[in-house]
Amino acid sequence: MNKIYFLFFFIFLSILSCGNDDTPEECGITGDLSDIPYNPQNYTITKPDGFPEMFIPADNPMTVEGIELGRHLFFDPILSADSTMSCVSCHFPSLSFTDGVATSTGIDGISGTRSSMSLLNIGYVEKGLFWDGRSNTLEEQALVPIEDPIELHDTWENVESKLKDHPSYPEMFREAFGIEDRSEITKELAAKAMAQFERTLISSNSKYDKVIFQGQAAFTDSEDRGMRMYTDAQGGLPDAECAHCHALHLGTSDDFFNNGLDSVGSLTEFMDLGLGGVTQDTFDNGKFRAPTLRNIALTAPYMHDGRFETLEEVIDFYNESPNHENSSNVDVNIRPLELTDQQKQDLVNFLHTLTDTVFTKNPAFQSPF
Amino acid sequence: MKKLFPIILFSSFLFFQYSCKPDPTLEATTDVELVFKGKYADEVLMINTVYDYDGSPIRFDQFNFYISNVVLVKEIVGNPEETELLEIDFVDLSFKPADITDATKGFVITAPNIPVGEYSGIKINLGVASDLNKTSWEDYGTGHPLRKPGHFWSAWESFIFSKTEAKIDIDSDGSFSHKLAYHTGSDAAYRTKFFAKDITLDEDATSSILFTVDAKMMFDEIDVMTETGTHNINDMDLVNEVMDNLQEKALAIE
Chain E
176 MNKIYFLFFF IFLSILSCGN DDTPEECGIT GDLSDIPYNP QNYTITKPDG FPEMFIPADN
236 PMTVEGIELG RHLFFDPILS ADSTMSCVSC HFPSLSFTDG VATSTGIDGI SGTRSSMSLL
296 NIGYVEKGLF WDGRSNTLEE QALVPIEDPI ELHDTWENVE SKLKDHPSYP EMFREAFGIE
356 DRSEITKELA AKAMAQFERT LISSNSKYDK VIFQGQAAFT DSEDRGMRMY TDAQGGLPDA
416 ECAHCHALHL GTSDDFFNNG LDSVGSLTEF MDLGLGGVTQ DTFDNGKFRA PTLRNIALTA
476 PYMHDGRFET LEEVIDFYNE SPNHENSSNV DVNIRPLELT DQQKQDLVNF LHTLTDTVFT
536 KNPAFQSPF
Chain D
139 MKKLFPIILF SSFLFFQYSC KPDPTLEATT DVELVFKGKY ADEVLMINTV YDYDGSPIRF
199 DQFNFYISNV VLVKEIVGNP EETELLEIDF VDLSFKPADI TDATKGFVIT APNIPVGEYS
259 GIKINLGVAS DLNKTSWEDY GTGHPLRKPG HFWSAWESFI FSKTEAKIDI DSDGSFSHKL
319 AYHTGSDAAY RTKFFAKDIT LDEDATSSIL FTVDAKMMFD EIDVMTETGT HNINDMDLVN
379 EVMDNLQEKA LAIE
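Here the protein sequences line up with chains E and D, keeping their order.
Residues 176 to 544 (our numbering) are what the first sequence spells out, left to right.
Residues 139 to 392 (our numbering) are what the second sequence spells out, left to right.
Treat each hint with caution, since some may be false.
[As the list claims (entries may be wrong)] Here chain E is said to cover these stretches of chain D; the calculated rule only asks that three of the stretch's residues, wherever they fall, bring their Cβ under 8 Å from a Cβ of chain E:
(1) 230 to 244
(2) 282 to 295
(3) 298 to 306
[To be verified] BS3-like, lysine-lysine: derived pairs with alpha carbons at most 25 Å apart:
(4) 286/D <-> 175/D
(5) 286/D <-> 222/E
(6) 331/D <-> 212/D
(7) 385/E <-> 331/D
Quick caveat, the hints were computed from the structure, so don't treat them as lab data.
Beta carbons: idealized from backbone N, C-alpha and C, even for Gly.
Extracted from the complex, chain D is given alone in its bound form:
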């Protein structure tokens, strides 16, 4: 029995030694935060807050958009390898003035369990990908980002990809009577934005990727005096202009 004791002790040591080591087949992961900060030129964006639009007061009622198939990319040249962060989500930058702390902090979407490592860029699609855009808001359960009856347009058979609603006090008389309601949608409005950027995900810390979205740039090169709304499938030219602005001018990575 005395001879058996060291064997049992040694076996136990080996067992604990190996059982405590991480499984080398399991990939180390971490959480990634996508932080979207709304702004109007250099100011924090909030609804019902007055900003300057070419000399006229402007204020926003809402500003939001869908993002789809967001992926981290390894190797820009050759064969890029993509790691999915999320399939679909809704970025709502319609913060109220009472929520200025949240507005300053930004709208945060967390993608859990993303493999750690070095990435060379991030790809964001703006709008709802065509496979999901074939569905309707009623197809989704409570809490899903697509379960928004106010963001589906049955006549378009499309989700509303983005809503930019604002009012301008053209005469600076206190009456915000000039109304802008740019609603975009349909597969043709879908846009892809790629940001080349070294992104390192460490195992021990949540990583944040910061974006800014400048609401003022949504109107760039659009005659807001005459082009006041996009609700109709026949407004596709304007829809495309708005989505181009979101893709090329409003959305940036820090």
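If we strip away everything but chain E, and leave its shape as in the complex, we get:
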């Protein structure tokens, strides 16, 4: 009998000894998972017309199980320190995975300085993620918000512990990655799963796609004029200079530009250095990623700091380009456009043809909870 009391006492001590600061191994968060079948099903991305092949890293092949795990993690507040926020808190599917506000607020009520970027077609980005290009891959990017003090403000050590101790995640990690024991759950595997889910976020069902690739629709005269100005396709209409940074069909040139948003005396005076803060090259100061314009009508407010509420404001800004001579690295294609009111409206109407609500309503992109 004394032995039984001793055993209970030992278990009680073990539980008490598991503080937040302990590693999972110290806490004994282990558990054999090898009885759970590991038969991942390959997932093949269907290439939409006009899209390139998506680059899939060799060490993170797409699987149905990996994507499903990534979707759960994306929508689960378990990734934040106080379990109140998740990735979706700033990336709503209905808003093309943005959040509708100028700058996002993290779990501590601290507002960031940049607008939430759309995750639409994010798998096609090859030249640096975030507005400033600080992460090279989706796997790298997915690690960042969890520990960012103005976002989810947790630690990966703690998140790993929570995942290891969770009733269902260890099984999902097993099914996705073949781990043998719940102690093998790592932040790298979590990031791989989220990256797999993000690579499925493909939008190719806009009116633009139906006109250009599927022959199932036609542009209105106004939309057609807007597209020709956007791409400088034909004489007789002004060049709106859009496609230099927002090349079709993806709606982005996958590069970084200073579009003349801010008036600065020198390249060191930008409030937000953007790409320059990452490369430490002053010539990159004030440059930001040119985001995709697909679903742009759903992703207001606009620019890296959300300063413009509407597409009309954006077009007005480019039409005036008030700071086009102001700093040495403003892109050469930024210049006053001299568009008429009708031409500006034509551009806005064309941009609306890039809206894809099939994407925003896709059940595979909604919360699994």
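We have chain E; now place chain D onto it with these hints.
Just chain D, lined up with the frame of chain E:
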């Protein structure tokens, strides 16, 4: 058994003797480096660096171009025999001032496994060959030189063969307000440049062929005050002038 031993030894010797000799049917090859050095007149070319353009300060934002079907040529007269160095590549001379070492060294493209021997010249095509220009950037995998969304112009149905972007401070007041954006493309803009030059490729060493590209010459005989950009298919006259300048005046072999 004692008699067999010398036979085995001799057979082994013959086997190793012949197995160690190179296969005479295999051609000896080497790697060839094509080195492109950007310059502005006599200075090393870098972006965001001030040069003099006819008395006005000028600085570049980018300078790059495609090259296609680069071949080494044997025998200029008669039947020239061509050895392909590369099908397509992208020469980017937009070095930043922080990368002055790289800018001085030049942009290097390596063509591997080129047969050694004596060649009498090199042919470079400027732009994207028409068969490839029928395709689009989306047709290529990650890392391919044509997978550049910013270098494809859907309205032209063409890759952008070259981009020369610069700003001039016309009034020398510190404001580089005069902007030049010469983007070229379409099959009509494709140019061929042949350099007659004795080129010897040795088996034991990587060979380098050095070119210079003078960005100043891209503007030669172009009125940069009035002709500030080529984005439109209707700008073909200017596109042709720019590509002629690249072919005839800017690109040279050392």
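These are the hints, each one checked on the structure:
1. 230 to 244: holds (count 3)
2. 282 to 295: Check passed, 7 qualifying residues.
3. 298 to 306: Per the Cβ count (3), the hint holds.
4. 286/D <-> 175/D: 22 Å, holds
5. 286/D <-> 222/E: Holds. Residue 286/D to residue 222/E sits at ~18 Å (cutoff 25 Å).
6. 331/D <-> 212/D: 16 Å, holds
7. 385/E <-> 331/D: 43 Å, violated
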